[in-house]
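Visitor: Chains as they are written, first to last, in this note's numbering: chain X, 1 to 319; chain R, 320 to 636; chain C, 637 to 1252.
Hints may be right or wrong, so weigh each one.
As the list claims (entries may be wrong) - Listed below are several chain X residues computed to face chain C (Cβ distance under 8 Å; list not exhaustive): (1) F199; (2) R204; (3) S205.
Stated by the list, open to error - Here are some chain R residues the structure puts well away from chain X; computed CB gaps all over 10 Å: (4) L338; (5) Q366; (6) G397; (7) R401; (8) Q404; (9) I410; (10) V418; (11) Q452; (12) V457; (13) S460; (14) F474; (15) L563; (16) G577; (17) I579; (18) N599; (19) N621.
Please keep in mind that the hints were generated in silico from the structure rather than gathered at the bench. All residues carry an ideal CB built from backbone N, CA and C; glycine is no exception.
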Amino acid sequence: MGGRMSADTEATEAPTIVQRGALALTVRRLLRDRASMAAVIFILLLVVFAAAAPLVEAWTGHSPIEQFRDTGLSTMGLPVAPNGEFVLGTDQLGRDVLVRLAYGARVSLLVGVVASLAAALVGITIGVIAGFFGGWIDAVLSRTMDLVMSVPFLLCALALVSVFGPSLALSIGVIVFFSWTTMGRVIRGQVISLRERDFVQASRSLGAGPLSIMLIDILPNLSVPIIVYTTMMIPSSIVFEATLSFLGLGIVPPAPSWGGMLADAAANSIYLVAWWLVIVPGTVLLLTTLSFNILGDGLRDALDPKARPVRLRRKRAKP
Amino acid sequence: MIRFLAGRLAFAALILFALSTFVFVLFFVAPGDPARLVAGDKATETQLIQIRSNLGLDRPIHEQYLSFLGRAAQGDLGYSYRNQQPVLTLIANRLPATVSLVIGGVILWLSVGIPVGIMSARHPGGWRDRLGQGFILVGLSFPTFVLGMVSLYVFYFLPRQAGFTLFPAGGFKPFWPNPAIWAWHMALPWATVALTTAAVYARLTRGQMLEVMSEDYIRTARAKGVPEHKVVYKHGLRATLTPLVTQLGADIAFLLGGAIVIEQVYGLQGVGALAIQAVNNQDRPVIIGVVLLGGFFIVISNIVVDIIYSLLDPRVR
Amino acid sequence: MPVLEARALTVSIPTEDGVVHAVQNVSFAIEAGELFGVAGESGSGKSVMMQAILGLLPNADISGQVLFEGQDLLQLPARALRQMRGARIGMIFQDPLSSLHPYYTIGSQITEAIQVHEKVSATAARARAVDMLAKVGIANASERFDSFPHQFSGGMRQRVMIAMALILNPALIIADEPTTALDVTVQAQIVALLDQMRREFGTTVVMITHDLGLLSSVADRIMVMYAGNRMEYGPAEPIFRAPAHPYTAGLLRSSPAHYAAGAEVIAIPGKPPSLLHKPAGCVFAPRCANAMPVCTTQHPPVRQFSDGVHTQCWLEATPAAPATRLAAEQGRGASDGAPVVLDISDIELSFTTGGVFGRTGKFQVLKGINLSVRRGETLGLVGESGCGKSTLARVIAGLIAPSSGTVVLDGIEMSSLDPAGWRETRKHVQLVFQDPFGSLNPRRRVGAIIGDPFRIHGVAKGAERKRRVQELMELVGLNPEHYNRFPSEFSGGQRQRIGIARALALNPGLIIFDEPVSALDVSIQAQILNLMRDLQQRLGLTYLFISHDLAVVRQVCDRIAVMDKGQIVELAAAEDIYTRPQHDYTRTLLAASVVPPRPEDHADRQLVETIQWVAA
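Chain X on its own, in the form it takes in the complex (with noise of 0.2 Å):
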C-alpha cells in the first residue's frame, strides 16, 4: 500500500517544483534590487576607508589631531576649504578634515556595529526567554521593556555622562541600553505566535526540553526579524553616537569623531563661513545611515517577499 501510494502522490510532483535554496532566493532577489546594491558598495567602501584611516594619514602626511596653524588656517585664522593639500579642507584649528573623517568613520561604524550587535543580543535574549516562559517571567521583563521604554533616554544618557564623564565605552553601553527593547518587543511577539505554533507543541509533546525548543524549534523561525532589525539598529545607533558627541557627551575630543566634527562646525557657527565643515561629515553621515536603512529595507523584502506588494495592473474600462 505504500508504495502505491507513493508512486500515486510523486506522479504530478515533477514539474512544479523547481528546488532552490532560500539563502540562493534571498542573494537572487537581493542582487536584483539595485538600491540595495549601492547602498552594500557604499558600505563597504566606508569599511575599506575606515581600515585605511593610518594609509590615509600616512599618504596626506598628515595626523588627525595635528594642528596646522600656518598651511591649515588662513590669516584671519580661519579653515582653508578644499586643496591640494588638504583635499577636504581644515577644520577651525588647521587640522585635515579629510584623516579626520576616516578615523571618525572608525568610531562611528565601530559603534553602530558594537552596539546595535549587543543591543540585539540583549533584546533576542530577554524576548525569547520573556515569550517563551510566559507568565510571571513574562510579566517582569515585558514591564522592564515598558520601563526603559518610557525612560526620557537622552536626558538620562545626558545624566549619565554628566557623573561619569564621556568615553566610547559609555556611549555605547547607553546605546545598548537604550535600543534592545525594540528587538525585545518584536521577539517576544514573534516567539509568543511561534510558541503556540503546532511545530513547537509537537516538539513538547515528543519530550524536547525547553533549552531545545528554544534553539532548535523556535531561533531558526527569527531569523527574519533578527537580520532585518539588526540591520535597521546601526543607523540608529550611528546617529545615537553622533548625536551623543555632537552635545559634547560623546567620544572625547581632540579624537576625531564625525558627530564632534559637526559639533566643530556648530560651535561660533563657523560652519556658515566653512560649509565643508558640515557639508563633508554631514553627507558621509546621512549616507552611511541612509545606505545601512535602504540594506534593511532590501533585505527585508528579499527575506520575506510576501511583504512586497506585486504590481497592479488595471484592466476594466475606467469610467
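Take the given structure of chain X and dock chains R and C to it, following the hints.
Guide: What follows is chains R and C alone, placed relative to chain X:
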C-alpha cells in the same frame, strides 16, 4: 475600565519611582562634592559645612533619599545649585519654547507623513510608492542636527549673504503679542523636527494601510458598492490611523521632555537647552528635575493614549 | 432569461511566480429564483471567478462575457459596476468576523449599504435595517443595532452579513463559503435561513462551497470546478444521483460516509495541479481513473446529455465505479480482553480568567472526563468547536496539566512522575495535528523533523537515524529521497504524511489524531484516512481520533464519545451512535450533518451533443 486605569496609574507611579531612584543613586555615587559645586572654588571649609547642612547632605543616605522622594512627590524639585532658583520655576520658564516646537511640529509632521504614507500605500509598487519610500528612507536617515545645520545654512545664511533675511538664525519669541514673529522664528525648527518625524509616520501609515486594505472587511465595503474614495478614507483610514495614536503619544511626550538637539541647533531656550546647560554646569537638581519631568510627560501620555485608544477601538472597551 | 450568464469567462492573475490561470473558459447560466451551487476544492477558481466578475480583484485579467440584467458586467465602467454591487448583487463571505469592520456598529454597516445607493433619511434607513435584522433572526434587533461585530457569535455575525446582503433586495446573492467557518449545527441554521430568504424575497442565490453534501440538500443546479475548469454542470439531482464526470464521481465516492467502518475509501489519487501551466489535455487526466491516451494530449470537448448535464470530458458515457477493494475485516476493533492503553478518570480543567486588574473568573473547560482506550482500537471524540476535545487531547498528550483527575498511560500514572519519568512516557503517546502547515517547522528539513523523536530520546544517531527515517517515509508513502527537502516543498496531504511518520517513529502505544483531515481537500482526506487505516492494521496501532465531522468519525472509529461543553454526553459503539443515539445533543449533531448521496453507477442519459473545445 476603572480597574484598567488604576493599573495604568500604578505602573505610572512605578516608572516615576524607578526614575527618581535612578537619578538619586546616580548622583549619590557620582564623584564630586555638591557643596563645592554650589559654593564655588574659593569657598572655605566652614562655608562648605554650612552648605552641606543646608542641603541636608550631612544626613544619612536613606534619610536624604526619603526626603528627596517626599519632596519630589509633592512637586518640589529643589533649587538650582547655580542661581538658587526653584527648579520648577526654571523649567516652567523654558516650557513655552518647547511646547511651541511640539505643537507646530506635530501638526506639520502629521500633515506631511500621513498623506505620504497613504499615497504610497494606494499605489503599491508604482512611482508614487517609490517616491514615498524614498522620502521615508531619506527622512529616517537624516540626523536631526545635520538637517538643522544644513537648513540654517540654506535658509538663513545664503539669503543673508545675498542681502536679505529669509529666516532668523534662531532664538525664541513668545507667541504674544505677535504670533507672526513667533511663527517666523519657529518655522525652521518646525520644518526640521517635522521632516525627520514625518518619515516615521509615513512608514507606519504605509505599512498599516497596506495591511488594512487587504482585510476582508474592505472587500465587504466594496461588495456593498461603497465608492472607492470612501472605502479608502472611511473604512481604510479609520483602521489605519488608530494604531498611530500610540506612536504619537510617545513622540509628543519625548519631545516635551526636551527637544535637546533641535533646541541646541536653533538656540531655542527650551527645556532641552536647559538640560544641556545644567549638564555643562554640573547643576544636579536641574538635571534631576528635567529627567523626572520627561518621565512624567511619558507616563501621562501613556495613560492618555490608553484612554483615547479605548474610545477609538470598540474591541478594547 | 437567466439572471446571470457567463460566456467563455477566463480569469488570470499575474503573480511573482508567473501568471495563475485561475479560471479557464467557463460558461454558465443562472436562472431566476434558483439556488445555484458552485462546487470545487481549494484552488478550483470558484471564489476568484465570482469576485473577478464583480470587480473585486483589481489586478486580475478578465475576458469573456458576463451578462446580468442585460448588461455585460465586464464592459461596465467601474462606477456603474459599483452601483450594481450591493444594490443588485449582494455578497456574503466565508469568515463573518473578519468580513465585518471591527470599528463600526453592525447597524451602521448595514445602513451604509442603503445610503450608498438610495437617498433616505437616517431614521428610515435605521428602521429598515432593524426590520431586516429581525427577519434574519437577530433577537432584540433594535438594541443589537448598536452592537459591534465582536459582541456577536459566529453564527449571529453571519446572519448580520446576510441581512446586509439582503437589505436592498438584490436580484442575486453570491454566498462564498457562507458556512465553512461555522460549527455544524450553526451551518444547518444558516443554510436554512438562506433558503428561506430566497423563497421570501425571490432572490437568486449562488452558493460557492467545497462541501458537496451541503449542495446536495439545497441546490437546484450545480457546477463542479477543478483547477479553473468547469468539469460538470447541470441540474443537481441527476448529477448527485449519477455523476457524468469522473472527477465529480471521484469526489462523491471519497466521502467516508459511504463506507462501512474499516473499509477502504476510494480516493482520488495524486494532488491538484499547479495553475501556472495549462496542460495540453485535460487538467484532471493525471488523477483520473478513466483516463484514455487522448486525455493527456487533447483538450476535452463539452458533452451535453439528455438530462441536461454537461461535462468537459472525452468520455461519452457515465463512468463506472472502480472496483471496490473489500474491507479487510480482520484485526478491526479491539476485543474486550485487549490491554487498556489509556485510562483517564475524573479529568477536570479550569482556567482563571482575567488578570491582576481585570475581573477574575473561573472558566471550566473539562468537567469530569472518564475514558479508556484498549490496544488496537480507535476511539472517536466528536464535538463542536469549544467543547474541549482538543484541550482533552493536549491533557492526554501531557501538554497541559489537568486541574484534577488522573491519566494512566500503559499502566503509568502521569502526575506521579518526575521530569525524567515524564519525558520517558512521551515515547508512549504521540500527536498528529490538524494543520499540516503549522505542525512542521518550516526552517527544518523533513529528515530532521521525522528524526526528532530519535534525537530527543537519544535512540538512533547518524546513518542509523537516517536509515530509520527513510523507512518511516517509505511506510507513509513518501519518497525517501526527499529526506533533505523543506516542508514548503510538499503539498498538504504529503505534509500530513510527514506528521504521521514523526508520530510513528518511537512506536507509541497511543496516537492522538487531532482533526487530521479537516484542513485537507476531500480528495486528499480519503488518501490520509486510508493510510491511517492501513497502518493500524499492519502495526496494530491504537488511535484516539478527534473530529467535528461525524461522517469521518463513523468510518474510522470503533467507539465514539460525543463531547459537549466539557463533558462526554454519550459514549457508545460507532454504529449505535448513528442508529440509536441516546442523547439530545447527539441527535442534533446527526441531524445537522449533511452527507452527499452515494452515487449510482448507471445513469439513463444519452449523449445529445458534443461541442469541440475552442481555445480562448
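Visitor: Hint by hint, note whether the structure agrees.
Guide: Here is what the structure says about each hint:
Interface hint at X:F199: satisfied, since its Cβ lies 4 Å from the closest Cβ of chain C, which is below the 8 Å cut-off. Annotation: interface hint on X:R204 holds; nearest CB of chain C at approximately 6 Å, less than 8 Å. Given hint, X:S205 at the interface with chain C, holds; its Cβ is 5 Å from that chain's nearest Cβ, closer than 8 Å. Remark: the non-interface label on R:L338 conflicts with the geometry, its nearest Cβ contact in chain X lying 6 Å away (cut-off 10 Å).
Residue placement check: R:Q366 keeps its beta carbon more than 10 Å from all beta carbons of chain X (closest about 24 Å). Every C-beta of chain X lies more than 10 Å from that of R:G397, the closest at about 15 Å, which supports listing it as non-interface. At roughly 14 Å, the least C-beta separation between R:R401 and chain X is larger than 10 Å, which holds for a residue marked as non-interface. With a minimum CB-CB distance of about 19 Å to chain X, R:Q404 clears the 10 Å threshold, and the non-interface call stands.
R:I410, annotated as away from the interface, keeps every beta carbon of chain X farther than 10 Å; the closest lies near 12 Å. Once the 10 Å rule is applied to beta carbons, R:V418 is consistent with being away from chain X; the minimum gap is 16 Å. The claim that R:Q452 lies off the interface is violated: its Cβ sits roughly 8 Å from the closest Cβ of chain X, which falls inside the 10 Å cut-off. Not every CB of chain X lies more than 10 Å from the CB of R:V457, the least distance being 7 Å, so the non-interface label is violated.
A beta-carbon of chain X comes within 10 Å of the beta-carbon of R:S460; the shortest separation is about 4 Å. Residue placement check: R:F474 keeps its beta carbon more than 10 Å from all beta carbons of chain X (closest about 12 Å). No Cβ of chain X approaches the Cβ of R:L563 within 10 Å, the least distance being about 17 Å, so the stated non-interface status holds. Its beta-carbon lying about 6 Å from the closest one in chain X, R:G577 breaks the requirement of being farther than 10 Å from that chain.
With 10 Å as the threshold on Cβ separation, the claim that R:I579 sits away from chain X is violated: the shortest Cβ distance comes to roughly 5 Å. Distance to chain X contradicts R:N599 as a non-interface residue, since its nearest Cβ pair spans about 8 Å, not more than 10 Å. Taking the minimum C-beta to C-beta distance to chain X, about 7 Å, the non-interface status of R:N621 is violated against the 10 Å cut.
In terms of the numbered hints stated before, the structure departs from hints 4, 11, 12, 13, 16, 17, 18 and 19, listed from lowest to highest.
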